[in-house]
Amino acid sequence: MLIRRAPDLRAADVTDESLYQNRRGFLAGLAAAGVALTLGERRALAQGLAREGGAALRGDDDPLTPFETVTTYNNFYELGTGKDDPARNAGTLRLAPWKVRVEGEVAKPGDYDLEDLLRPHRAEERVYRHRCVEAWSMVIPWLGVPLKDVIARLEPTGRARFVEFTTLLDPVQLPGQKSRSFPWPYVEGLRLDEARHPLTLLATGLYGKSLLGQNGAPIRLVVPWKYGFKGGKSIVKIRFTTSQPANTWAVIAPDEYGFYANVNPAVDHPRWSQARERRLGEYFKRKTLPFNGYADQVAGLYAGMDLARDY
Amino acid sequence: MNRAALVRHALWPVVFAAALGPALWLARAAFGGGTLGADPVKTLQVTTGLAAIVLLLATLAITPLRRLTGWSELIRLRRMLGLWSFAYVLLHAVIYFVFDQSLDPALIWSDTVEHPRIAVGFAAFLLLIPLALTSTTAMIRRLGRRWGLLHRLVYPATVLGLLHYLMVQKLDWRVGTWYVVAFTVLMLLRLVRPRAGVRPPVAAG
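Protein sequence lines correspond, in order, to chains A and B.
Anchor point for the first sequence: position 156 equals 155 in numbering that gives the first Met the number 0, and the numbering is continuous, going up by one each time.
Anchor point for the second sequence: position 182 equals 181 in numbering that gives the first Met the number 0, and the numbering is continuous, going up by one each time.
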């Protein structure tokens, strides 16, 4: 009998946030006391230390948003419009087998098993701020592969200028799609240079565990300098295009949501201010940073653009 | 128990307890070991706002109820319901001033002039303030006929409150539809001729 080994990416080691918050002291203390660390603990320690080395990718020293909050406060309308609906309804999502279709302006199109799509790439942990267009935010330790690595392997043609990401369309697995108020499936897109930016991540996990349905399992996009809705969830199609994809929120309400959707405290949503945000867990609002605090890394992508027009 | 006693000693306490319900629920979640969820401020805002609207509609239901049933004594519930509604509006506004705007007048001003949903909600709040202030029996006596005129402000305040509620929804306007329907029905019922013997509300004090 063939026992298929789970790919490294999906290996779920339960690591709770207290360990994450204080992993160095906690684990060093354990190690000093002669306590043997489990594989998962050693991995968490290694990831934590690697992250502390990679300060540029972490960006700030804000505490992580608790796992409980990250997995119970979600916008994933395909699983319900209330914040706690997706966590309740995620059971209908079948995560395996999962195929991702790659098509369009690309040398290696095809239907890829998720594992085949990701296996050649090294999974990394990235702690990113997550800023929702609704003016709340979190800090999330993602696990995933840099999208640029996947794109390089798929070899887009010289004509490719954008990448489009399509969420699963299946009203049985995603019962929210029975509602007609949205033009399902959910579509998001990036300019190719945005997609190739080192910060852009194809996430498959968070807090060292596989993604849960409510967070967009088994694979989702994470673009930390843009509003959260740019991060398409439960992706089944990656298409390389010559023209700008029509992303769902910009189709529904073009005066409220744009294609770029860069976090920008200077450009308000027509109905509310984007100058400040509430970090979940805090009572008072804090200032929102341009490009969600990643301006040093990404502002160059938009040189010469009027970001009030291309919101 | 006659009807007046029934309203005063049975209905009044029950309605009072029901109106207190959302506040108790929030207090229990906040201090009683429960939880207000991942975004406590939002939970407080949504709950107080919804309670304010429901109680405002309940206040407006008293007059048609009196006319339809002939129970003049129901007037005793109206001030209590109106004041409860205002209490939730006040709480709603204070939460916004303190947690959303950190009590910064400049921030409050710019948010109000730049975002119609805030301006509309603010206007509803301002319109309700004189009504709460003149709700005492002494003020009712002192203002006489003018009291009734002043308290017609409850209609534009409710319209603005409902509009505010519809405007804060991210996408789905259907959420507030039932409240708009309820308000419309309550307004239409005012066209129904009062039953004989129902006294005008002001006289009931």
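If you're looking for bench data, these hints aren't it; they were derived computationally from the structure.
Do not rely on the hints blindly, as some may be mistaken.
[As the list claims (entries may be wrong)] Straight-line C-alpha distance at most 27 Å; calculated BS3-like pairs for lysine-lysine:
no.	chain 1	residue 1	chain 2	residue 2
1	A	Lys147	A	Lys286
2	A	Lys82	B	Lys41
3	B	Lys41	A	Lys286
4	A	Lys82	A	Lys208
Now for the hints, and whether the structure bears them out:
no. : hint                     : in the structure
1   : Lys147(A) with Lys286(A) : 30 Å, violated
2   : Lys82(A) with Lys41(B)   : 11 Å, holds
3   : Lys41(B) with Lys286(A)  : 18 Å, holds
4   : Lys82(A) with Lys208(A)  : 21 Å, holds
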